[in-house]
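K.L.:
Starting from the known structure of chain A, fit chains B and C onto it as the hints suggest.
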Amino acid sequence: MAEHITPKRTYIAVFAALLVLTLVTWLVAQVDLGWANDVVALTIAVTKALLVLWFFMHLRYSTRMTVLTALAGFFWLGIMIFLTLNDYLTRGSSLLPVMGK
Amino acid sequence: MDTTAVARSPITTTPETAFERPNYLNAAYGMRSWLLTRDHKRIAILYLISVTVFFALGGLMAALVRLELLTPEGDMMQPDTYNRVFTMHGIVMVFFFLIPAIPAVLGNFLVPLMIGAKDLAMPRLNLASWYVYNIGGAFTLWAIAHGGVDTGWTFYTPFSTHYSNTYVISTALGVFINGFSSIFTGLNFIVTIHRMRAPGLSWFRLPLFIWSHYATSLVIILGTPVIAITLLLVAAEKLLHLGIFDPRVGGDPILFQHLFWFYSHPAVYIMILPAMGVISELVAAFARKKIFGYRFVAFASVGIAVLGFLVWGHHMFVAGQSAYAATIFSVLSMLVAVPSAIKVFNWTATLYEGSISYQTPMLYALGFIGLFTIGGLTGVMLATLGIDVHVHDTYFIVAHFHYVMVGGTIMAYLGGLHYWWPKISGRLYPGFLSKLSALLVFVGFNLTFFPQFILGYLGMPRRYWSYPPEFQVLNVLSTAGASILGVGYLLPLCYFIWSMRYGKRSGDNPWGAIGLEWDTTSPPPTENFYTLPVVTHGPYEYNREEVHNRMTEEVSLG
Amino acid sequence: MASSPIAETHPANTAHHHPSLQHQFDTLEQQKESSTLGMWIFLVTEIMFFGGLFLAYVVYRSTYPQAFAAASHTLNVLMGGINTAVLIGSSLTMALAIWAAQVNWRKGIVLFLLLTIALGSTFLVVKAFEYREKFEHHHVPGPNFEFDGPQPEHAEIYFSLYFIMTGLHATHMVIGIAILGVLAWFAYKGKYDSSYYNPLEVTGLYWHFVDIVWIFLFPLLYLLGAHLHGAAH
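Protein chains in written order, with the numbering used here: chain A, 433 to 533; chain B, 38 to 595; chain C, 257 to 489.
With the rest of the complex left out, here is chain A (with noise of 0.2 Å):
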């Protein structure tokens, strides 16, 4: 069975990157950036994720069939969370029409 085998040392290079990612996450969530935070913070997060998929989930070596069901997940959760803000977001400074805020 022709394998690729991802050698420990690229492991260990991942394993260091995410816990430079987390560090960075962390102080610059300690500064108030207003709206940049979120950005900051959750392409800290995607950058990770995406690490923790390529390396350690093997995606690399993977079919792109494989690839396009990793895909087709985030973003069919990426439809639901925008087609419902696209409800919110549009609805006035309350949740309710009749409650205050």
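Please note that the accuracy of each hint is not assured.
Result set (DSS-like, lysine-lysine): computed pairs, CA atoms no more than 27 Å apart in a straight line [claimed, not checked]: (1) A:K440 - C:K288; (2) C:K383 - B:K275; (3) C:K390 - A:K440; (4) C:K288 - C:K445.
No lab work stands behind these hints, which were simulated from the structure alone.
P.N.:
Structure of chains B and C alone, referenced to chain A:
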């Protein structure tokens, strides 16, 4: 789909000897051999029994509803009881019949056969799926036995989480568990169709039944987990008084509805896509013609699956979402009708100049095409924001979804059962009686539900246990229709069981149909094929000369 | 049985069968691809399962930003951070367990699986301490809830989501640890080597996914109010 002469299995031609050969039914006897089976065909039969039981239960609830609605006054039961009856009718029918029936019965039986495989990719997961179904069913039955739930099958909050004092938690748990059964089946189908097709069986040589079950499985995988977490939240909120959906503490009941309908709308496509797959097979077989626009139908299946996830807000037009969101959902809902319409056009085009034979399965297929069209068109009416605002929560809605779910899915299920019954059991059923039943179902169905369109348009609300006297005539017609429909459903139950013992032996391919499932014995051996097929042509090759020559003489059922 | 050039070379008719090859598959490769694809599809269901909770979080966070920030500020970021590192470490050891199988190092498989279990258990222990702290501060939603800060009702929604999301995550960890225990036993018995280590691979996928969920939970739950000053209890 022709197999080369060399690779074809040496099938015996006499029904008797074929039947006495080892097949999946006589391979082993006893409860253990059934309850611990890994054979997808036996699991399909286990599912057949389970879904029939739940269908009967749901049908009983429907009968009670229709009986109460014979008179304008609420005189048969308390209003709270009526709420429980229609709720349990909905929950049982949706989650324990409509969603599993075609995939778990026909899909389980046929998917490996149609692709030339020995079994599904994960046989033990398949069996687990059946057990999980029954465990979920047990929770729900327990709840029913203790009085059930009165929230409507939609479990809207905060009524379900804060005000209802019925068995919401156990019912929600029952449905939650049942969801895993659905997920296991969908997962199994996707892996099987991707990885276990016979040599030469490329994607565009697959029967459309497979395409639609593939599309259904995509919906199952992407949607079911969301209802799972939603019901879990409802149970947690009710148990622990959390407040996530409670407006008194800043929660939003509409968030529940978003989460609920994100699954429950695609769920209706879980119900209809397999049915459409059955219809494609029936139309091809009984018009003796390849399906017109095969690729369009295949892509339409996937299109319905994908678009179906973008429209859920049309259930919430009057719930309180923003007008902007409502408009977007309305437009998207119009779009999803397009692939469904493409299918109806293509089936019709297939029938045109086909060599049509009016066997029982074809009667169901023709009924489907008409009734699904009505249901679908009224769906487009409901997608229109301006109309829905007026008819929401009236009998118009009830009629619409019964046209697609009963006139659509159940007709297709019955048609499929009648078509593949010889394959499943090796037996034939009485021809005249089966055609009569089909007619009773068609007439009974229309008499039951067409008046409901009128009732809804005239303003009769749904989920009401009493109504103004001017609506009585239409309600009486509806109840009369329901009793005819009931007879139409009861007859097949009787003659199918009868046929297992007394039915004429069918032979391997009584319809002279084309498909890998027909290239093996009826009933098939446990491992499906004596020699695994190699595929060299596309499906439904009814126009080929050699195919005409080798078709067995069509069996006349009476 | 029909005899033909096609039938004879058909994989199903060849005599060689790996002991772990299941009957419905023709080759071990097909089996491996099937189970891997199956696990990825299951993970998609998990994305949507947790996804519902993330949706609820997004909706309420955007509606009650101050209450959420104040409530988040009461979480112990140090413990959360340690747990993040622990979980990332367990992903490393999980990946190394598979590597050990690929290079036929039986003892290595067992070692790394046990390390993964240990790290996963550490995570749960730290979580237990965190929960206890929350309990002591009356931040558990329900009749005993108290919150000393703005909009306590909305903060209660935050804590509901906190407990459900981390609780569901922890449940997944418990299940994962149990499965890893079984695998460690089988590995000890010599069941896995470079020709067959599929159960490790698919369990690894599950484990890494649970790690990814935490990768998102940590910033969203713990770091929201990190820039706020002063303790709100």
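K.L.:
Within 27 Å, alpha carbon to alpha carbon, are K440 (chain A) and K288 (chain C)?
P.N.:
holds (23 Å)
K.L.:
Going straight from one Cα to the other, do K288 (chain C) and K445 (chain C) come out at no more than 27 Å?
P.N.:
Cα-Cα ~21 Å, so holds.
K.L.:
Does the alpha-carbon distance linking K390 (chain C) and K440 (chain A) stay inside the 27 Å limit?
P.N.:
violated (39 Å)
K.L.:
Just to be careful, I want the Cα atoms of K383 (chain C) and K275 (chain B) compared with a cutoff of 27 Å; is the pair within it?
P.N.:
Within the cut-off at roughly 25 Å; holds.
In this structure, only the earlier hint numbered 3 is contradicted, and the remaining ones agree with it.
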